[in-house]
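**Q** Residue numbers (the working numbering), protein chains in the order written: chain A, -7 to 611; chain B, -7 to 611; chain C, 1323 to 1670; chain D, 1323 to 1670.
Simulated from the structure, these hints should not be mistaken for laboratory data.
Here the structure is a predicted model, which means the values were calculated and not measured.
Here are the computed lysine to any residue pairs in the SDA-like style, where the Cα-Cα straight-line distance is at most 20 Å:
1. B:K260 - C:H1654
2. D:K1483 - C:H1637
3. D:K1483 - B:T267
4. C:K1619 - D:H1611
5. B:K469 - C:T1350
6. D:K1465 - B:T242
7. D:K1480 - C:L1639
Computed Cβ-Cβ distance ranges for the label pairs, DEER-style:
8. A:P208 - D:K1634: 55 to 63 Å
9. B:G159 - D:K1483: 46 to 54 Å
10. B:R426 - A:E609: 33 to 41 Å
11. D:K1483 - B:K60: 22 to 30 Å
12. C:D1600 - D:R1618: 18 to 26 Å
13. C:K1512 - D:N1641: 42 to 50 Å
All residues carry an ideal CB built from backbone N, CA and C; glycine is no exception.
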Amino acid sequence: MEESIANAGVATSLGCSEVSREVVNDFSITFSTINGSGSATANLTIMRAIFKMGIPVSGKNIFPSNIKGLPTWFTIRLSKDGFLGYTEKSEIVVVMNPQTFARDLATVKPGGVIFYTDEYKGPIERGDVVAYPMPVKKLAKETDIPANLRDYIENVVYIGILAQMLGIDFERIYQAFETHFQGKKKAVDSNFEVVRRAAKWAEENLEKRDPYRVAPMNLTDGMILGSGNAAAALGSIFGGIQFSAWYPITPSSSIAESLNEYLPMFRKAADGKATYAVVQAEDEISAVGMTVGAGWAGLRAMTATSGPGLSLMAEYLGLAYYAEVPLVVWNVQRVGPSTGLPTRTAQGDVTFSYFISHGDTKYIILIPSTLKECFEFGWQSLDIAERFQTPVLVLSDLDLGMNYWISAPFEYPDRPMDRGKILWEEDLEKMIERCQGKWGRYLDVDGDGIPYRTVMGNRHPRSGYFARGTGHDDFGKYTELPEDWEKGMKRLALKFETARAVLPEPEIRTLQGAQIGIIAYGTTHDAVEEARYLLKKEGILTNYLRIRALPFSKEVSQFVERHQRVYVVELNFDGQMKQVLSAEMPMLAHKLRSVAKVDGMPFSAECIVRMLLSQEERP
Amino acid sequence: MEESIANAGVATSLGCSEVSREVVNDFSITFSTINGSGSATANLTIMRAIFKMGIPVSGKNIFPSNIKGLPTWFTIRLSKDGFLGYTEKSEIVVVMNPQTFARDLATVKPGGVIFYTDEYKGPIERGDVVAYPMPVKKLAKETDIPANLRDYIENVVYIGILAQMLGIDFERIYQAFETHFQGKKKAVDSNFEVVRRAAKWAEENLEKRDPYRVAPMNLTDGMILGSGNAAAALGSIFGGIQFSAWYPITPSSSIAESLNEYLPMFRKAADGKATYAVVQAEDEISAVGMTVGAGWAGLRAMTATSGPGLSLMAEYLGLAYYAEVPLVVWNVQRVGPSTGLPTRTAQGDVTFSYFISHGDTKYIILIPSTLKECFEFGWQSLDIAERFQTPVLVLSDLDLGMNYWISAPFEYPDRPMDRGKILWEEDLEKMIERCQGKWGRYLDVDGDGIPYRTVMGNRHPRSGYFARGTGHDDFGKYTELPEDWEKGMKRLALKFETARAVLPEPEIRTLQGAQIGIIAYGTTHDAVEEARYLLKKEGILTNYLRIRALPFSKEVSQFVERHQRVYVVELNFDGQMKQVLSAEMPMLAHKLRSVAKVDGMPFSAECIVRMLLSQEERP
Amino acid sequence: MIEHVVDGAKATNQIGLTRADYRGVQSTLCPGCGHMSIANQIVNACYELNLVPEQVVKFSGIGCSSKSPTYFLGRSFGFNGLHGRMPSLATGASFADTSVEILAISGDGDTASIGMGQFKHCMRRNTPMVYIVENNGVYGLTKGQYSATTEQGIQLRKYGKTKFMPVDICLEALASNATFVARSFAGDPKQVKELIKAAIKHSGVAVLDIISPCVTFHNLETSLHSYVGGKGHEVPLHDIAYVPLLDEITVDDFETGTIKEVALHDGGHIVLKKLGEDYDPFSRAQAFHILEEAHRKNWLVTGLIYVDPDEKNLHDLFNLVDTPLNRLKEEHLRPPSDMIDVANQLMQ
Amino acid sequence: MIEHVVDGAKATNQIGLTRADYRGVQSTLCPGCGHMSIANQIVNACYELNLVPEQVVKFSGIGCSSKSPTYFLGRSFGFNGLHGRMPSLATGASFADTSVEILAISGDGDTASIGMGQFKHCMRRNTPMVYIVENNGVYGLTKGQYSATTEQGIQLRKYGKTKFMPVDICLEALASNATFVARSFAGDPKQVKELIKAAIKHSGVAVLDIISPCVTFHNLETSLHSYVGGKGHEVPLHDIAYVPLLDEITVDDFETGTIKEVALHDGGHIVLKKLGEDYDPFSRAQAFHILEEAHRKNWLVTGLIYVDPDEKNLHDLFNLVDTPLNRLKEEHLRPPSDMIDVANQLMQ
Ligand SMILES: Cc1ncc(C[n+]2csc(CCOP(=O)(O)OP(=O)(O)O)c2C)c(N)n1
Ligand SMILES: Cc1ncc(C[n+]2csc(CCOP(=O)(O)OP(=O)(O)O)c2C)c(N)n1
Ligand code: SF4
Ligand code: SF4
Ligand SMILES: [Mg+2]
Ligand SMILES: [Mg+2]
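Whole structure, please, built from the sequences with the hints as guidance.
**A** Have a look at this one:
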């Protein structure tokens, strides 16, 4: 294992950035706007332009559960060192919503900058902040854009002002518009014209009094920028997805929407007909029911949901577990319990997912951290589900699913599709021969706990069987015999053990001499890497294991064994992964400590450091 | 703590029973009959007669998921020492179903007895068993009972034969019929007549060649005999239950059925009108939804279900948890996952119940072991739910709920009903004064995490509030602010801690010098006590802690601390309580070992001993 | 004729409350959303009926529509429940105090997609409540997916054309033996208000399927769910007004022979004034007929489609004591101590 | 006329199978249970239609009715799912191979109580399947509680009198735009069999509401759900027979002017012979009318209540490739390797 603290393959060195008066490519910009006012285009354009300048960047949307009218925030972080996690405060804040001015001002880092709409006429109660008023209404009115688009145009105005003041390359802005408007030249040009005018206004009217500047780099060459849900959909498509039933719920809906958008692009059959179906169900019970039906019948099937939907899927998941039906469930987590904060991020469904449904159940869970892993787990989850004939849950979250991440580009799957032990007519004939006529849907022929399966449509006269959630024997026959039940449970447990060894292995990053371990998973990754960097500066060396799948492989217990104490970092109140780790590794549970919190915001590196250090002080 | 191994208050001594040729009041009888043939009356009558003779007794029904025609078994265990747990084999087996003769014969203990219908004409392949044929068809035909009741009467016939051969008191049988037929003299007499004739036949035709005998004792004086579901219903009635919505599911239906039966007896208002409502809902989502609605509106509300129903309740339980709505859910467990073995017992919903619903949730769980505890938790659960304004889950199981148990009699609640912090018009007025005008539904006025609540119908103009599953502040107002969410989670955690100290404390039984601990819960209790007795005979002394509630009180961790190792005995595959204990007490998790299995049958003492000893051998 | 107190800044109704006493917090719906115009008519109806706000209890599911109860009756109790499962919540709560008025707000997704089962069973039980479906033929809150009431062939932003026939909320209610079934249109505020009043005064379940345009995601003129489309296709069955007990019906207001009255249990009446063909809201057969015809002819029929003012409601069937159950005290609820013996005798 | 091969121990149908090839395992239902007589007619219908057992797939929920698929077509695939949620399971599976016949069995509790939502949405989608409700007006498997189809006022063993109006399965199907809606009675095996055949040959969703007495828990003569009560109140709309493609209709079999034919997509016909009044199963309006009338008059109307043989079914709407989806290979499913660049270009 090599010594490393690296972020999504971006950071090139662990060295401190030079301290100088000018701050280049190492700050955050937060845009405070009004929901539904069309600010997304402006924010994405700035983010894309910076990305195209070769600078590592991330974009996080903090939005209300509302369609129009409430405050909303978008933070772009630029980091020449590749640290792209959430920051609690920003160096630069752009305020387009006069109502939130005071609150926004408080979030500017000392020495930072505030750009604000000159509709705000009040005082600016901080001396340590540079303030630039922006006549957005006036500048917007000067364009020849129809009045109903003025709100939107006001946002385009701030692109120009920021570009001018920070040195964002105008050519890149033009390209970003091209990406956004998918080449519609008229839209690109008219928007760019607004940017130009606003920049000109800034050039003529604002004097730069702050140190923040953007300068081209080459750290994003060949990289991609996008959000996890789109990547999950693309990954599923490269995994040969054939069926998805879903029910709308934030923050998962864009997985299904992306399937609807991309499937026709990637999967045209010669005759123009479809090799897949995406069905909007009437609720999540039906969505998962259809997906279970499709998986049972031999289709690569996936559904996507979030907390409340997952709760509704409990009964069907138990059936799929026990009847051994492959399917994939993407759970894009948001803050719960209950409806909770539907537009805020959390990792709060870990224990529920692991123990979901009554009775003794066990699930394979995959946890992606990056855009690229969303893509990879998109196709791998379908392989794993069919290979192990079981539900696979993928735990993403709002932050990963809906926010903007850069990553190394997707790679074409490095192995053929794994359809698992499925038998068509001739395969079945051979299997029957191999087993001297003995054939049963749930027979453990290979001793790995994984039986062979046939699917409907198979015309072999011995292919049919009656699947059920009631007790059944190796042949699928109904049974209440104690020994049959126990045998079934044991085989299922063996199957789970078989899976343990082949699921995506944890990622381990170490530092020479570190005694303290950190375990994390999912979207805390960026903040953890940055926290390790900060801790190192404080003289605290840490090793880091990132869980990518449950059940845990033995690397996880070995990692815990190797360390004096291990902090489990997670975005929930109860320290849920720590609970699961304790339950699974009781002999090592005493070494685990919890760094857990949930308030709707992603973890910042500073927060992890704070929470970890407060425990380091304890004996 | 006193030194004890005792069973439901019945066993009087730990001493070995004297070994003699005659075996008195210390054996089991299994009846193998056909489902739907009316054998229940016969079995219950024999059990009741023995009970009325003063002998500790239990009755366990092992029945198929079927209405009519499949084999079914009923085992009565008599134990002068008060050990009434499940036994894998019986000393006496009564076979009324010729189809199962061979299988039944195998379940007779060496030296035991088989009574069988003479319809079975085959060989009896065991030399170590005494066999008595019974001409049940012939004897039934001799009665003047209408032909359509013959099947039923054949079962009454075996009462007579057994009574004669074992020495069951005929007067007690007569009384047992009186209990069963609720005093309908004609039915009592005609049934008794059949018994008499059959006994006469036995007297004249069968020669006693076995050692088993029943003799009067006085160990059941003042005790009661019944099943847990009826006790749960009665307990709820004494807890002032006002509303129950439910959906039929085995093995919980008889809770609602008992409410329907008993409520009119116990709760007649002066004007003959009802002070309660029991509603059969259209499914479990609706059942729990109605119950949540009723609990929110100030009614003492309960629903009862089993595994699949609990899975469907996940979403509503999360809402009730977060909106702080009192309600009680009895989950009478059966074997899962999925439909599983719907007529067999298990303790397999522990982890699911504890972690149910998405997001960070925490539930109070009560686990009764005895008839009396079903009654007590019946009323206490309603108190606890209202006191803590939260869902309370009661985990019973099929064995406790539907089988027959003896116990000390129910006691009238020893304290007034606890309606918790509910404010009516005048209370609210005072509260507003107390808090100088500041009043909010979720304000933690007392610092115990428990807020005050008003309920609909309150006419105070400041009483109303809008309950919701979305993020809310102390005043019930919608909020997405990070600090509000965190504050809410912290208060809920505090409330849970407050509860920890006042929930039913664990029951601890110790033996001088014991180093080994056993933790168990629910219906494994009898088998554990018997296992401790057997282990003691082997020289292994154990202490025993029986969990009665989650969250654990500190006695639980202290108990684990005090022991070298602690075996957690439970009727599921995954060792679910051990998982919960490990998650909750990670510092002690390494001491825990699992004695867990599930196959549809209750735990027998022998099985516990076997599984425990196999681990004692390990270093 | 219907309004008793001149409206105005400080005007009060017969119980001394101003309209403001019936309002809620500031709306966060999109400007122009049909749901808000319904909320306003709820305020007006309650004001005019002189309801005590504390005696009204609001229930809702999840959706823009289901958020709207915060925008009226701010003093009332309310419970914003789960998506599609509001009926059970309201039903359970209703037993606690049968004297309150239950006002349930749902959306078309909340009721006809995920909520179909609970909606139907709630109707079947004749649960005493006003059940308003704010029907915009789309999922507003989740940003524009089709719902079960979206008309067939409508093109939605990201989801292609809707494939299936829409669910007809009124037909569903009728099939489930609902006792008050009406349809209205948020663009017709007077009718909305009068129907809400009548519904509140009905003793069983009263369903109002109110077409309530979503201006952000589904306001295409080609759809019956838009302001323009709804207006263009509206076929009112009658003019409707609720007339409370104390009001004399001034017969002059109606041409003779053109009015029908429905007597309600509180002594008030629903007065229906004939428009076009004669329509009998007491006939379930005619109700099926008009809905089937409207379906075929793409009409938005509005008005009182069916009413049975006399059928027993859910609470009647349970023969409850007069005191609200939630005000009963320990002495009413816990059997006296000697009854413990009876309990023990049952266990023998 | 309908049967082609003389029945008998060793008789075979046109594809060389015996009746035994269509049977399942030994029944564990109560002797006399209506569900078993329906199971027998399913065997007969499939035998007579010369179906390949492997080409039929069975789905069911939970209940005595839902257990019954083990008692017929033992060689077929089947899935005994969850209580009330079978429609979604069948719908998802149906996409895998649209050439199979789906035979779904449910109970009245399974469909009309817990399953109402999925049932309605399944109808609405015109999911190609035969959906048989074995309607006994009671929960059999859980031992005698009332279901949503129990008639009002029926006294059940432990549950008092049923309080609510029953759900009418056919009316529900019709309201949800089902394209084949029929009712029958287990005591009328010939009609059951012919309707099953017609339903199998229908291209969309075909609902059969079959009254199927529960002899153990609900066979009171006063109920329409009993053998005696059903017989006594049965009002058949017509005599019905399914006539396959190759059969000539011997017009002699019917008096002229008294028959109606429904042409199905496979080339076969449903032939309806007039009994009493003329009834037009193509008219949705008439279907509503007869169901409403039957409801008022306590008739058990049986026969084909409504049919629309031409409406597109669910699969038609998805424009799927001809090969069954579940037989597609990696080369059809995984985009070629150069498409990875297209994917990456989308992420900019
Ligand atoms: C179980 C569950 N699934 C999905 C959602 C997400 N969701 C919230 S509102 C909504 C649809 C609302 O549509 P409708 O009822 O028509 O209300 P509208 O917003 O159009 O007024 C959905 C799907 C949820 N909250 N809960
Ligand atoms: C979620 C769930 N709730 C309850 C049950 C228990 N249950 C099994 S069958 C049944 C009712 C069956 O009634 P019906 O569908 O009418 O079938 P029948 O037995 O009458 O043929 C019920 C409630 C279950 N299996 N699953
Ligand atoms: S999105 Fe539609 S339904 Fe929601 S508030 Fe806006 S206009 Fe109303
Ligand atoms: S209980 Fe009723 S439905 Fe079930 S098998 Fe027996 S007769 Fe049939
Ligand atoms: Mg809507
Ligand atoms: Mg039934």
